[in-house]
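Peer 1: As a plain string of letters, each chain reads:
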Amino acid sequence: MSLWRRLLRDRMAMIGLTIILGFVLIAIFAPLLANHADEIYDLAPMDRLQPPSADHWFGTDRVGGDIYSRLLFGTRITLATAVVGVGAAMLVGVPLGLLAAFSDGWVGASIMRASDIFLSIPQVVLAITIAQTLGPSIINVILALSVTFWPWFTRLVAAEARALRREIFVEACSALGANSARVLFLHVLPNLSSPLIVRTTLSMGYAILTAAALGFLGLGAQAPSPEWGRTIAESREFLPDAWWYATAPGLAIFLVVMGFNLLGDGLRDLLDPRLRRSQPRRRAVTVPQSAPIEVAAE
Amino acid sequence: MSLLSIENLTVAYETERGPLQALDRVDLTIGAGEVVGLVGESGSGKSTLASAVLGILPRNVTSIRDGRIMFEGRDLLELPERTVRSSVRGQRITLVPQDPFGSLDPLFRIGAQFNDLMRWKSPGQEHGRARRALDRAAILRALADVQIPNPEAVLEKLPGELSGGQRQRVLIAMALLPEPRLIVADEPTTALDVTIQAQVLKLLLRLVRDRGVSVLFTTHDLGVASEICDRIVVMYAGQALEAAPTQVFFRAPQHPYSARLLGSLPKAGRLPAGIPGDMPALIDPPSGCRFRTRCDRASAICAGNIPTPIRLAGGHEVRCFHPIQRMAA
Amino acid sequence: MPRALAATGHRAGQFVVTLLGVVVIMFLVQAVVPADPAALLAGQSATPDQIAAIRTQYGLDQPIPIQFLHYIERLVTGDLGTSLFTARPVLNDLVERLPATMELAITAMVVSLAVGIPLGVVAATHRNSLLDHALRLVTVSGFAVASFWLAIMMQLLFVMRLGWLPLSGRIEGSAPPHFTGFYLLDSVIALDPGRLLSALLHLALPAATLAFPVTATIVRFTRAGMLDGLSRSSVRYLDAMGLPRHVIIWKYVLRGALTSVTTQIGLLSGALLGGSVVVEAIFDWPGLGYYVVNSVVMFDYNAILGATLWIAAVYIVINMLVDFGQALIDPRVSAR
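Residue numbers (the numbering used here), protein chains in the order written: chain V, 13 to 310; chain Y, 95 to 423; chain L, 17 to 352.
It should be emphasised that the hints constitute simulated quantities derived from the structure, not laboratory data. Model, not experiment: these values are computed from the prediction. Yeah, the Cβ is synthetic: ideal placement off N, Cα and C, and Gly gets one too. A few of these clues could be false.
Per the computed footprint, the stretches of chain Y lying under chain L, defined by three or more beta-carbons under 8 Å from a beta-carbon of chain L, are [what the hints assert, rightly or not]:
#, segment
1, 198-205
2, 328-340
Chain Y side only, calculated, beta carbon under 10 Å to chain L, not exhaustive [as the list claims (entries may be wrong)]:
#, residue
3, P174
4, L189
5, D210
Sequences and hints are given; from them, build the entire structure.
Peer 2: Now the structure itself:
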């Protein structure tokens, strides 16, 4: 597909994709890549707060655990939390959006109103409040994420589906007697896939950041889980001496979110030219803008 | 001594597929108070020529291969951009643009845009409050001249609140206010309804005649050109093929292309005749005379060098090895 | 005028409905999930009796809908309940802490606009130059950095290693006399340069941390808006009429770009309010965000609910103001 080829040519997007794939591989092969894999939950007080060395590439934490290995295992938590959280948000948000777009009465209006209400609370605040209500655990972080993120999908899907509904071809199908389900699956959903893919990819980045913030505040996985946000929280009392303790997990977060953002930007430029923001418009044949001239058709 | 004298102008645009030869050794002169019509199809180079005179060709993709644009005794191509911007453009040479809908910024009131123009381009000599008062009076007068009713109210409006014809007249007023010697009118009526077109053209003609301002008027419409131009210059594929006083041109065109153009006009008693073929691509254009690929009078010599201009009586020039020698009856 | 009034009335109505909705959500969450707030409140080592006592004390033994109604009743009178931690009315706590957050958020917003807009203009006018690429890299990073981590890194560098800036808090020593609650303004009013300097130094890192992602967004939107604007025919016309470049860019094109930026300010203030939660926690900045975090840690349920409502209310008000502000920049909005 020429779409794939164009994506491959976008250097930034490819870097993003590589980073993401890298982290996925890390998550899968963590036990193999970590050099202290079986010890990550052990206490080794003799080795606590050691700077980076040949044996401990990112140093050790406050109980002597190898930060590098713990980071690798933490990747699993990070990615799983984000994927399930965003996935759940989509599972709720997309059908609601379709419902809102296709039902004309109070159902549609109240769905949109509900999403407005959710969106009127700054995301982090909402996530914190929900996670706190539910109690600190990873499952609850995932729940908090889905509650916080579903309105984005609903709004996106509702807007796009409504626009599509007005398109002539959909009306024509209905006029020809196709039933709603058929219209939905054959015509509406495929056209939604592009903006949805973009939105999902970009949401992954935000989800990871939000989950990390929740973990930092103690609302996520509890000790001795190697969750990245919690690790950063732990590290605070040992600054500035144990600088590696805070720096490593933060860089990990930065890299993986950067990866999703770069990929998401590239996908957006590719799939939704109306929203083209991160790249300047390229013209196929240079028709200088300030001297309008129509090149004769060949 | 002519006001504007374009000599041997050759311009190319750098594109991904190679240089696009937009203008090829174009000559053109405009005298004081003269309205010259630059006639050609899309892609003939008339807009490029207009942009070249104004000096707004995009620098990073344009290369001026040869030629001079002599205006008031100075070669505009030799002057630094800063000088051209501050003392020539918008002052000695102004523009009536093609697009009345986009050329006025929709976010600024008409009065504000006039004020900005006058702030930088006012011909007045005084400063401060005295000049602002004079400018405002001049703006109101100009709006009245272009037959805009209730000028004070219009100054407070946004461009979106005016019709296309009104906006075009505002743009004409803006072109006249700095008291220029030359106005470049780049297809100024193309975007308007036919009925409005005629009005605006008549208005423009009267205003420039009253002030003795020269006009370089580009158009693809021969009918329009015949209405207001003193002379007509025909362009094709970047080359200037013929230049003649309007009457002479319509009576006895010498270039085969001009003849075909006139033949394609609707006329009582016969069907309009098209010209077979397409305008050649300018990336790798035909050598010599670029019309030769569609000309029924072409021969081997036409593919060599571009023909030197033949000067006929009455300021009539034609570049052709096989001009039509028919003289008017 | 009547049109504007009707719009305000409409907005006020939305405001009320939204806040109601927030309360509904909070209670729904509590109803749906089998968590026991009383047990959480009592702590891990509490006996069942203690838990039951707490439950009664806070009316948690009543059915959820009844609790909900009680809450709404109190809400209408402006009573957001009593904080467990401070034993004071939640509303008082929030009002007290609002200026600190506002000072931080407004400073961050001002800094972001002052830095972001010119950078966006420069990036657009020097497209594809080294500067443009560098800026793009920075803006992409702006969205990828966890603000709590950035805050810690900033502390590491500027406080612990370089010693240039203070670690936490709003000011060294005692606060300036209270006029507005904004330490910067209060110091100026009290003609106290020492306190002004201290307040500024303390404001620097938190505001910078908060401003980072916001600046990135503004640079992006300004750049995109400028690029769109530069390709319009009005620019060609102004250029052809010889208007100076700086006038064309900074007056005409920027105005168009700003409309797309201002539509973002509403969303961005949400990001600021949200970001302030973690940033305040790290810098011990005594504002709303710090209050939320503290309440979370203390399981001060009333306080959390009250603070969430309060923050939502502030967010909605800011969005209303932004709508009015938009009409100033784009006269077409009010002309409709």
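Peer 1: Closer than 8 Å Cβ to Cβ for three or more residues is the test here. Does the segment 328-340 of chain Y pass it with chain L?
Peer 2: Three-residue rule not met by the segment 328-340 of chain Y, so violated; n is 0.
Peer 1: Under 8 Å between beta-carbons, do enough residues of the segment 198-205 of chain Y, three at least, approach chain L for the coverage claim to hold?
Peer 2: Answer holds; 6 residues pass the 8 Å Cβ test.
Peer 1: Interface hint check: L189 of chain Y, Cβ to nearest Cβ on chain L, cutoff 10 Å. Holds or violated?
Peer 2: For L189 of chain Y, the interface hint holds, since the closest Cβ of chain L sits about 4 Å away, which is under 10 Å.
Peer 1: With 10 Å as the cut and Cβ atoms as the points, is D210 of chain Y at the interface with chain L?
Peer 2: 7 Å, holds
Peer 1: Return the status of the interface hint for P174 of chain Y: holds when the least beta-carbon distance to chain L is below 10 Å, violated otherwise.
Peer 2: Where the cut-off is 10 Å and the nearest Cβ of chain L is about 14 Å from P174 of chain Y, the hint is violated.
In the structure shown, a violation is registered for the earlier hints numbered 2 and 3, in ascending order.
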